Amino acid sequence: MKKLALILFGLIGAIALIGCSSNSSSSSAGGSGEPVEGGELNVAMGSEPDTLDWMYSGESATRKIGWHIYEGLFALDKDYQARPLLAEDYTVSDDKKIYTITLRDGLKFHNGQDVTANDAKASLDRWTKVSSVGKIASSHISSIEATDDKTIVITLNDVYTSLLTDLAAPKASAIVIPAEIAEAAGEQPLTNEQFIGTGPFQFDSWKSGNEIVLSKFADYKSRDEEDWGGLTGEKTAYLDTIHFKVVKDPQVMLNGLKTNLYDYVQSIPLDLYEVVTSTPNVEAVTSSNGYSVITPDKSEAPFDDLKVRQALHAALDKEAMAKATYGNDDFYELDGALFTPDQTALYSGENIDDFAAFDQDEAKKLLEESSYDGQPVKIIFSNDNADYKKIAEIAEQQLEAVGFTVELESYEWATYLEKWGDAKNWDMVVVGWSPFFSPNQAGMVSRENNSSGWYHSDRWQELLAQWGTADETEQQQILAELNKTLYEELPFEKVTNISALDARTTKLQGYDEWYGPRFWNTWKTK
Amino acid sequence: MLGYAIRRCLSVIPVMFVVSIIVFLLVHLTPGNPAHIILGEDASPEAVAQLEEQLGLNDPWYIQFFDWLKQVITGDLGTSVFSAQPVTELIFTNFGPTLSLMILSLLFILVISIPLAILIVSLRKTILDPLFTSASLLGVSVPEFWLAILLVLGLGVSIPIFPVAGYMPIAEGFGSWLYHLLLPAFVLAIVEIGIIARMLRDSMLDSVNQDYTKTARAKGVRERDVLMKHVFANALIPTTTVLGATVAGLLGGTVIIETLFTIPGIGQLLIDSIHRRDYPVIQGVVLFIAAIYVLVNLIVDLLYAFLDPRIRYDE
Numbered sequence: 001m002k003k004l005a006l007i008l009f010g011l012i013g014a015i016a017l018i019g020c021s022s023n024s025s026s027s028s029a030g031g032s033g034e035p036v037e038g039g040e041l042n043v044a045m046g047s048e049p050d051t052l053d054w055m056y057s058g059e060s061a062t063r064k065i066g067w068h069i070y071e072g073l074f075a076l077d078k079d080y081q082a083r084p085l086l087a088e089d090y091t092v093s094d095d096k097k098i099y100t101i102t103l104r105d106g107l108k109f110h111n112g113q114d115v116t117a118n119d120a121k122a123s124l125d126r127w128t129k130v131s132s133v134g135k136i137a138s139s140h141i142s143s144i145e146a147t148d149d150k151t152i153v154i155t156l157n158d159v160y161t162s163l164l165t166d167l168a169a170p171k172a173s174a175i176v177i178p179a180e181i182a183e184a185a186g187e188q189p190l191t192n193e194q195f196i197g198t199g200p201f202q203f204d205s206w207k208s209g210n211e212i213v214l215s216k217f218a219d220y221k222s223r224d225e226e227d228w229g230g231l232t233g234e235k236t237a238y239l240d241t242i243h244f245k246v247v248k249d250p251q252v253m254l255n256g257l258k259t260n261l262y263d264y265v266q267s268i269p270l271d272l273y274e275v276v277t278s279t280p281n282v283e284a285v286t287s288s289n290g291y292s293v294i295t296p297d298k299s300e301a302p303f304d305d306l307k308v309r310q311a312l313h314a315a316l317d318k319e320a321m322a323k324a325t326y327g328n329d330d331f332y333e334l335d336g337a338l339f340t341p342d343q344t345a346l347y348s349g350e351n352i353d354d355f356a357a358f359d360q361d362e363a364k365k366l367l368e369e370s371s372y373d374g375q376p377v378k379i380i381f382s383n384d385n386a387d388y389k390k391i392a393e394i395a396e397q398q399l400e401a402v403g404f405t406v407e408l409e410s411y412e413w414a415t416y417l418e419k420w421g422d423a424k425n426w427d428m429v430v431v432g433w434s435p436f437f438s439p440n441q442a443g444m445v446s447r448e449n450n451s452s453g454w455y456h457s458d459r460w461q462e463l464l465a466q467w468g469t470a471d472e473t474e475q476q477q478i479l480a481e482l483n484k485t486l487y488e489e490l491p492f493e494k495v496t497n498i499s500a501l502d503a504r505t506t507k508l509q510g511y512d513e514w515y516g517p518r519f520w521n522t523w524k525t526k
Numbered sequence: 001m002l003g004y005a006i007r008r009c010l011s012v013i014p015v016m017f018v019v020s021i022i023v024f025l026l027v028h029l030t031p032g033n034p035a036h037i038i039l040g041e042d043a044s045p046e047a048v049a050q051l052e053e054q055l056g057l058n059d060p061w062y063i064q065f066f067d068w069l070k071q072v073i074t075g076d077l078g079t080s081v082f083s084a085q086p087v088t089e090l091i092f093t094n095f096g097p098t099l100s101l102m103i104l105s106l107l108f109i110l111v112i113s114i115p116l117a118i119l120i121v122s123l124r125k126t127i128l129d130p131l132f133t134s135a136s137l138l139g140v141s142v143p144e145f146w147l148a149i150l151l152v153l154g155l156g157v158s159i160p161i162f163p164v165a166g167y168m169p170i171a172e173g174f175g176s177w178l179y180h181l182l183l184p185a186f187v188l189a190i191v192e193i194g195i196i197a198r199m200l201r202d203s204m205l206d207s208v209n210q211d212y213t214k215t216a217r218a219k220g221v222r223e224r225d226v227l228m229k230h231v232f233a234n235a236l237i238p239t240t241t242v243l244g245a246t247v248a249g250l251l252g253g254t255v256i257i258e259t260l261f262t263i264p265g266i267g268q269l270l271i272d273s274i275h276r277r278d279y280p281v282i283q284g285v286v287l288f289i290a291a292i293y294v295l296v297n298l299i300v301d302l303l304y305a306f307l308d309p310r311i312r313y314d315e
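One line per chain: the protein sequences are A and B, in this order. 1 is the number of the first residue of the first sequence in the numbering used here; add one for each residue after it. 1 is the number of the first residue of the second sequence in the numbering used here; add one for each residue after it.
What the hints contain is simulated information worked out from the structure, not anything from laboratory work. Among the hints, erroneous ones may be present.
Stated by the list, open to error - Listed below are several chain B residues computed to face chain A (Cβ distance under 8 Å; list not exhaustive):
no., residue
1, 36
2, 90
3, 163
Note that the structure is predicted; figures quoted are calculated from it, not measured. No residue lacks a Cβ here, since even glycine has one placed at the ideal position from N, Cα and C.
Looking at chain A on its own, in the form it has when it is part of the complex (with noise of 0.2 Å):
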């Protein structure tokens, strides 16, 4: 037994020995401080993106990976401004409906093509039939033309100064893809040999399930510029490639981590976090997430009537929801604004005192006087984010307080969107709104369907047209008057503002935080 023992032991160590030969890092050798050539990244994603169309999908996991490959016209910086990207300059008409706009010289596609207005036209129109973003802007834009080889006109049917905003949303984002790709693949989303775009690291392999495999681009033309920040200003590709790796279990990334098999670990569950701060060379990397809400179905009753949304508003303490769910107050912040104060553009203090308006007595009295019946209210939320279930059992707990009959219901994810889309299947819905970048963007109140609990304001509307031709002073007052709006109207009740939790080996240098992970202007030491 002992010899067999001793055997298998010499066995397991002869093998772990071939095998980390046959994994030795491959980064070049280089002090901190001093920008390093070369190396692969290793990142490990919680959830595969379902496409790499940027333009095409919203989703997390796809913008996050997309905006190393792709560029628009315009994007945001730092403070979440739209700055140019792929523009070298724009005009506006004195009539504000005429946007022209010139393209930087020596700009190439990922295919090697050289860019031209042509493929800005043709994204663009595409962008308009596919992109979320794009649909609203649609209905303000008249005609998109290609005046010359480097020239884009924007025509406006009415003066809407969101258009560099929605041009520049990191979101189902206007990129610019080669004209017969964007044509070709219509209102489809793009196929692998598609995934062209011209930024600093091109698309190289996808292993469905496995990893996605961006490298160096190595004819990308940056920007003169310092970094603005964001997704914009001058970028530099040090890396030679960077694996996107999914891995769904948070302690996996953790332990790859702590043994070099990953370098940048995303969405951490926050109860990690002390974990993540105790690990030698690790660091947190956290970053504003938006913030999550309970909208009520204000199509039906109870919530069709503004005193049940008045009681509803009375009776919810958020400070112990955020406390109860989010734990360290690292992680969450308590404000009532519609946008959160790392969005310093967009944000206003103004008329947000009513959010804390936490009040049981008044709560209970705003219920008797309501139309609300004792009729059970059915709260829904997926089951696939702890923290929806946290915040839905401690809702339930604080609503029941005042005289409201609760029922919970939890679906996981595809069941729940489907559940969502329905009036009939809930009064209230838990869910987290990532960050939007303009008023129209803000889907829990911008349209009326599920997202936004089929919230029909002619205010909100009203307020949304002044946006569109607003200037920078103007558009101060508006945002203070929607924060006003919500509480007067309570289409939705936020709950807090949120942060995401990211790891990262402080082999990565001269890495800056934004709302998302960005790996050009970043390094590697050994």
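Following the hints, complete the assembly by docking chain B onto the known chain A.
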């Protein structure tokens, strides 16, 4: 024997037909649809309806079923709604890791359980017998996921001998392939080692007191030869049936192990496809797995007949 083999092969057809109907109905009766998932939570009902139409989800279920069945008969399992890849190609790509895992596990099972059972039987009158029996019972009872976590923390993180996750195709080097698969294959094998060792031990103990064994001993055959040539050879027959179930068990077990070790196998493909309601992939994978089960059973039945000449299937 040939007649039996032909009959057994033909019996596969109705089984596969019934499986295809059941899987099709289960998949299509489950709430949720791929159009909703592709377009995400912020999609308008109009966009969802349009995509449903494009994906052919608006036809009555029986039309969809017969369209799919016609395809399957011609060897085409359809195309993934998400990746637009042919389902057969996806199965082929993802079955490689699963097959690797199963083969290595089976090797562990045979190399460990057979000598272990023989050792237990040869030591049956010593204090070591109950000890080995308890150990094999422990092997059967240990939950795979718990053992996996323990081994990953021990041999992956604390003493980093093995990688904690990932898979390397054999084409990229045998050493790397083995290095990535040893730990998951061992975890997958543990439960089955316990089952096979106990089964073989019990069957061997049954044979130990049979007349033919006594005769062999009376004729002066050495105890070692009695154990190997008479006891072991006879005990192998019922164990063959269990081995068939073992292969099926391994296929089921790979789903957990693939998740825990991030191995892109067929189990992962199935789970991902279920989450996405990727109907053609779910149907194709389930049909493929069912075919493996049926094939393994067929092989076991034929092997059984081959190992035991007393069985006359042709009669």
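The hints, checked one at a time:
{"no.": "1", "hint": "36", "verdict": "4 Å, holds"}
{"no.": "2", "hint": "90", "verdict": "6 Å, holds"}
{"no.": "3", "hint": "163", "verdict": "6 Å, holds"}
Violated hints: none; the structure is consistent with every hint.
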